[in-house]
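Chains as they are written, first to last, in this note's numbering: chain A, 7 to 324; chain B, 179 to 483.
In short, the hints are calculated from the structure, not lab data. Quick caveat: nothing in here was measured; it's all calculated off a predicted structure. Treat the hints with caution; some may be incorrect.
[Claimed, not checked] Only part of the chain B face toward chain A is listed, based on derived beta-carbon distances under 8 Å: (1) D194; (2) Y222; (3) Y283; (4) V291; (5) N307; (6) P312; (7) L316; (8) F336; (9) Q414; (10) L417; (11) T454; (12) A457; (13) T458.
Every residue gets a Cβ at the ideal spot worked out from N, C-alpha and C, and that includes glycine.
Here is what each chain is made of, one letter per residue.
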Amino acid sequence: MRSISKKNELSTGRSGSAGFGKKLTKQWQLLLMSVPMLLYVLLFNYGPMWGWITAFQDYKPKKGITGSEFVGLKNFKWLFSRPDFLQSIRNTLGMSVINLVLGTITSILLAILLNEVRHTGFKRVVQTVTYLPHFLSMVIVVGMAQNIFASNGPINQFLTGVGLIKTPIFFLGEGKLFWWLVGIINVWKEVGWNTIIYIAAMTAIDPSLYEAASIDGAGRFAKIRYITLPGIKSTFVILLIMNIGHLMEAGFELQYLLSSSLTIDWAQTIDIFVLKYGISKQQYGVATAAGMFKSIVAIILLFTANTIAKKLDESTLV
Amino acid sequence: MEKTAVAGKSNKIKTDRVFPVVNTIILVALMFFTLYPVLNTVAYSFNEGTDALRGNIGLLPRKFSLDSYKSILSDAAVYRAAWISASKTVLITLLNLFWTSMLAYALSRKEFVLRKLITVIMVLTMYVNAGLIPNYLLISKTLNLSNKYLVYIIPCMFSCFNMIVIRTYIANLPEALVESARIDGAGDIRIFWQIIFPLCKPVLATVALFVAVGSWNSWFDTYLYAGGKKNLYTLQYLLKMKLATTQASANAAKSTAEAMTTLGQTTPITIRCAITVIATVPILVVYPFLQQYFVKGIALGSVKE
Chain A
7 MRSISKKNEL STGRSGSAGF GKKLTKQWQL LLMSVPMLLY VLLFNYGPMW
57 GWITAFQDYK PKKGITGSEF VGLKNFKWLF SRPDFLQSIR NTLGMSVINL
107 VLGTITSILL AILLNEVRHT GFKRVVQTVT YLPHFLSMVI VVGMAQNIFA
157 SNGPINQFLT GVGLIKTPIF FLGEGKLFWW LVGIINVWKE VGWNTIIYIA
207 AMTAIDPSLY EAASIDGAGR FAKIRYITLP GIKSTFVILL IMNIGHLMEA
257 GFELQYLLSS SLTIDWAQTI DIFVLKYGIS KQQYGVATAA GMFKSIVAII
307 LLFTANTIAK KLDESTLV
Chain B
179 MEKTAVAGKS NKIKTDRVFP VVNTIILVAL MFFTLYPVLN TVAYSFNEGT
229 DALRGNIGLL PRKFSLDSYK SILSDAAVYR AAWISASKTV LITLLNLFWT
279 SMLAYALSRK EFVLRKLITV IMVLTMYVNA GLIPNYLLIS KTLNLSNKYL
329 VYIIPCMFSC FNMIVIRTYI ANLPEALVES ARIDGAGDIR IFWQIIFPLC
379 KPVLATVALF VAVGSWNSWF DTYLYAGGKK NLYTLQYLLK MKLATTQASA
429 NAAKSTAEAM TTLGQTTPIT IRCAITVIAT VPILVVYPFL QQYFVKGIAL
479 GSVKE
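Take the sequences, apply the hints, and build the full model.
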């Protein structure tokens, strides 16, 4: 009954909407629904861009943006003469690349394994469990990591128990291990969640492809290799572009919470640098310049990646 | 890998039989590694404080004790923080759903003349961010929101990503719903609230989960804008401060391992784990109910844009 009435409404509705004028005054209700958030976004997302001016100033909070002295590119020059800023660029990119590579490989692997599970109940349980860490706060995750990686924690217990090492490794205090620690923790937290998109792409693959392959005598691995992987290729490319656009975002909370004075040389990302100089040391001009540098590089990365992808594959993003 | 597949029929049958078993073992192991840190934390929270310093606690407490919970539940600061966390989460979620879904509807209407312009303005915010310091100066200096409860609410009322997720969902609803209501004389505001909004339950549940979890889990806003005001501390921020103290003792312990044993009866580590458990329980309660929705939701969001 309902579907019939819907169809009737459709035919009459068309003629009604055709007479609907395109004048804004007639659409005052739509305008009313969108203007508050438009103003909100202009204030909270675009408004702060006004603050980018401070990157070219010797900003003094008391004088404000209008009263502070302009210093040209001095802040940027100062930044690039600072070893700890160059270090934080290195750390940001290093951890981003590790996160990207480890994260992509593990989530595709897990998606494939999940896709091969025939028992829906078991599949659901695995998904429920592996999505869970995504919803835990970074504070909680770092607390857990401190227990797990502690000198007397389970990993050290296991390694010494098996005889791989004699004395416990001080995971949280070794600068050179920090990037990998961040990579592993991020995989633990997000691997399940990141499979969602790949699994969605896999369910979109035509099942008759698998049937035809079976008839031709293809085994499980051949089907994965020649049907599943090509089936998720476009998803992979889109996500890769998005992630390359986010290479300057290595994450901030995890490094900030997990690091200590022992590891800060390897842990300080650009975001932490900005926080340290901007909020703690109140050098607003320098910190804004650092943040602006990050944003600009991110935009360039995004458009470059998108252009490359356009040439490669026609699957575009922006 | 390919070799086994092409090698012949007997091999094919072998992999077809062995693979599910191996796969199940891998996935069970994965679940174990996922849950271990969580259960380990629970075990710590129920362990006696001084004993916990020896470490080596697995999935069960070694010396069972409720002292950590007793000491937390007698602490007024924890109740206050829980109230701040819960109230701001509820408020933000409601406000966010209200504004975000309304805009999503407006931008889903193809006849809306400002649709393109506003959409571009919105989508750009996902790629261009003014950065920490300009935002801080706006909220803290220009708007003077520091150390006020409103600093939790006002900057978090809208999210572009969520708006696009909802808009995609609305765009997939039958167009006839809107058109027939319009013939009956309903305006867009009424059409949205009476017809579209109730139909959006699945996607709204997803977005509500994202927003609520984000708000419940945030600590950085407290650190940045309300660090000087104890009345405004959230549960996550309390935890963050406990984290700092346990980490300091862990660093000290590297040089002098015995230093740790001089700490008090209920040491920060068990207290911290107990607060962790308390802060996680609300998420665990809501999560299974919303799980059926969010998988669809995230797939939707990824389809467009």
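Verification of the hints:
Hint status for D194 of chain B: holds, given a least beta-carbon distance of 6 Å to chain A, under 8 Å. For Y222 of chain B, the shortest C-beta to C-beta distance to chain A is roughly 6 Å, which falls under 8 Å, so the interface hint holds. Among the interface hints, the one on Y283 of chain B holds; its C-beta lies about 7 Å from the nearest C-beta in chain A, closer than the 8 Å criterion. The restraint placing V291 of chain B at the interface with chain A holds, with a minimum CB-CB distance near 6 Å, inside the 8 Å limit.
Checking N307 of chain B against chain A by beta carbon gives a least distance of about 6 Å; that is within 8 Å, so the hint holds. Interface hint at P312 of chain B: satisfied, since its Cβ lies 3 Å from the closest Cβ of chain A, which is below the 8 Å cut-off. Because the beta carbon of L316 of chain B sits about 5 Å from the nearest beta carbon in chain A, less than 8 Å, this interface hint is met. Interface restraint check: F336 of chain B against chain A, minimum CB-CB distance 5 Å, threshold 8 Å, status holds.
For the restraint placing Q414 of chain B at the interface with chain A, the shortest Cβ-Cβ distance is roughly 5 Å, inside the 8 Å limit, so the hint holds. The closest approach between the C-beta of L417 of chain B and any C-beta of chain A is roughly 5 Å, which is under the 8 Å cut-off, so the hint is satisfied. Hint on T454 of chain B holds. Least Cβ distance to chain A is approximately 5 Å, under the 8 Å limit. The restraint placing A457 of chain B at the interface with chain A holds, with a minimum CB-CB distance near 7 Å, inside the 8 Å limit.
Hint status for T458 of chain B relative to chain A: holds, with the closest Cβ pair at about 6 Å, below 8 Å.
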